[in-house]
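Construct the complete structure from the given sequences, taking the supplied hints into account.
Numbering (the numbering used here), first residue to last: 1 to 164.
Keep in mind that the hints are not guaranteed to be accurate.
Computed spacing ranges between beta-carbons, pair by pair [to be verified]:
id: 1; residue 1: Leu110; residue 2: Arg33; range: 12 to 22 Å
id: 2; residue 1: Val14; residue 2: Gly94; range: 50 to 60 Å
id: 3; residue 1: Ala63; residue 2: Gly103; range: 19 to 29 Å
id: 4; residue 1: Pro10; residue 2: Leu81; range: 36 to 46 Å
Quick caveat, the hints were computed from the structure, so don't treat them as lab data.
We put the beta carbon where it would ideally sit given N, CA and C, even for glycine.
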Amino acid sequence: MVRAQIEQNPIVRVVVHTSLYGLKLLAVWILLRGHHEPGGGFIAGLLIAAAIAMQGVAFGTDAAQAIFPLPPQYLLGGGLLISFATVLGPALAGHAFMEHSAGVIVLPLLGELHWSTAVLFDIGVFLVVVGTMKTVLLSIATDPVRRRPSAAEGGAPSPDREVS
Numbered sequence: 001m002v003r004a005q006i007e008q009n010p011i012v013r014v015v016v017h018t019s020l021y022g023l024k025l026l027a028v029w030i031l032l033r034g035h036h037e038p039g040g041g042f043i044a045g046l047l048i049a050a051a052i053a054m055q056g057v058a059f060g061t062d063a064a065q066a067i068f069p070l071p072p073q074y075l076l077g078g079g080l081l082i083s084f085a086t087v088l089g090p091a092l093a094g095h096a097f098m099e100h101s102a103g104v105i106v107l108p109l110l111g112e113l114h115w116s117t118a119v120l121f122d123i124g125v126f127l128v129v130v131g132t133m134k135t136v137l138l139s140i141a142t143d144p145v146r147r148r149p150s151a152a153e154g155g156a157p158s159p160d161r162e163v164s
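Encoded structure:
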């Protein structure tokens with residue numbers, strides 16, 4: 001009953017709808033700056049998981065799945081593959097284990113673009129965190145609530161009802 005009241009509350013829906021844009025933008029910013037400063041894939045993944053949870057509370061599980069529409073197993077598998085490739089790739093090429101490369105590419109209209117393979121590792125971690133949290137949050141949200149028998153049916157009294 002409480003969930004249905006929240007999903008029908010227009011104030012909650014407007015607040016969630018407007019705050020999701022900022023939350024997603026913040027997640028992308030933290031993801032991309034993580035190889036230079038604190039942050040990165042883990043924190044950005046948790047922010048997207050928070051967006052999924054907020055969307056689920058305000059609009060239901062179908063809307064929550066639409067934030068990151070890939071199935072969780074693809075997110076987890078792809079994230080692990082990207083992370084392992086950036087960790088083991090240098091070792092297989094004869095370099096130090098988990099050694100990252102960086103450089104600058106000059107683009108005609110954009111100018112200098114700094115790149116680093118650490119960003120790929122952060123993206124892999126991001127995908128693993130989003131896949132894991134999406135699985136957990138949506139499995140909790142879609143778990144059917146088991147109906148408890150009432151006192152008249154021989155069950156224990158409900159905690160929100162007075163016992164006379």
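### Message
Need the list of violated hint numbers for this structure, in ascending order.
### Response
3
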